[in-house]
Amino acid sequence: MGCSAYPLENIPVQVYFRYVEKLDSAAIVALVRRKSGLTQSQLASRAGTSQPAVARYESGEASPSTATLLRLLRAGGYELEVRLKKTTASDLSSPRARKLRRARGEINALMKSAGASNVRIFGSVARGQDKESSDIDFLVDFDTSEGLLPIVRLNNELSKLLGERVDVAPVSVLRPNVLEHAIAEAIPL
Numbered sequence: 001m002g003c004s005a006y007p008l009e010n011i012p013v014q015v016y017f018r019y020v021e022k023l024d025s026a027a028i029v030a031l032v033r034r035k036s037g038l039t040q041s042q043l044a045s046r047a048g049t050s051q052p053a054v055a056r057y058e059s060g061e062a063s064p065s066t067a068t069l070l071r072l073l074r075a076g077g078y079e080l081e082v083r084l085k086k087t088t089a090s091d092l093s094s095p096r097a098r099k100l101r102r103a104r105g106e107i108n109a110l111m112k113s114a115g116a117s118n119v120r121i122f123g124s125v126a127r128g129q130d131k132e133s134s135d136i137d138f139l140v141d142f143d144t145s146e147g148l149l150p151i152v153r154l155n156n157e158l159s160k161l162l163g164e165r166v167d168v169a170p171v172s173v174l175r176p177n178v179l180e181h182a183i184a185e186a187i188p189l
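UniProt numbering applies: residue 1 is where the sequence shown begins, and numbers increase by one.
Please keep in mind that the hints were generated in silico from the structure rather than gathered at the bench.
In this text, all values refer to a predicted model and were calculated from it rather than measured experimentally.
Ideal Cβ positions, reconstructed from N, Cα and C, are used throughout, including at glycine.
Hints may contain errors.
Distance ranges between label pairs, derived from CB positions [what the hints assert, rightly or not]:
1. Ala62 x Ala184: 26 to 32 Å
2. Ile187 x Ala109: 16 to 22 Å
3. Leu92 x Gly60: 41 to 47 Å
Throw the hints in and build the complete structure from the sequences for me.
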């Protein structure tokens with residue numbers, strides 16, 4: 001299976017839909033536009049907005065209102081379904097979780113410079129079950145077509161920054177059963 005710049009396109013449908021639930025509006029708008037085969041200008045025209053606005057939404061520079069998001073999705077031939085589902089509660093009060101919150105800006109800057117996006121934590125830290133021996137698990141979107149060396153560097157830089165063992169896991173390289181589990185407990189950074 002080849003690697004895609006868009007990790008969602010290569011994962012099983014059931015996992016895909018669980019993954020979409022965790023995406024932000026920027027990723028949803030970009031995904032719908034790509035899947036519908038439209039340019040930003042075409043999507044904007046169909047939705048009654050401007051191309052620069054669509055570009056800002058896709059980059060995360062701005063967030064569309066719910067009404068605008070629904071118009072953009074409909075213009076691309078999609079609709080949004082939202083549901084509440086009871087799940088395991090997360091507990092982000094551990095020392096590691098507090099350390100992540102304090103370093104959020106630096107972590108996101110390192111992730112962005114390495115080409116990683118949609119940063120989430122999962123594993124024992126996300127569940128509030130981390131122990132002294134635990135590492136910090138990050139789940140990210142990352143284009144692996146150029147290799148995984150940036151992820152290796154990122155692991156080292158984050159470990160140095162946080163003073164903790166770190167594992168950065170790109171969505172596109174995880175086995176489906178591991179990915180489904182990671183997505184189920186993932187919490188946006």
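Verification of the hints:
About 29 Å separates the C-beta atoms of Ala62 and Ala184, a value consistent with the hinted range of 26 to 32 Å. For Ile187 paired with Ala109, a C-beta distance near 19 Å keeps the hint of 16 to 22 Å intact. Checked against the given bound of 41 to 47 Å, the beta carbons of Leu92 and Gly60, roughly 22 Å apart, lie outside it.
In summary, the structure is inconsistent with hint 3 from the numbered list given earlier, while agreeing with all the others.
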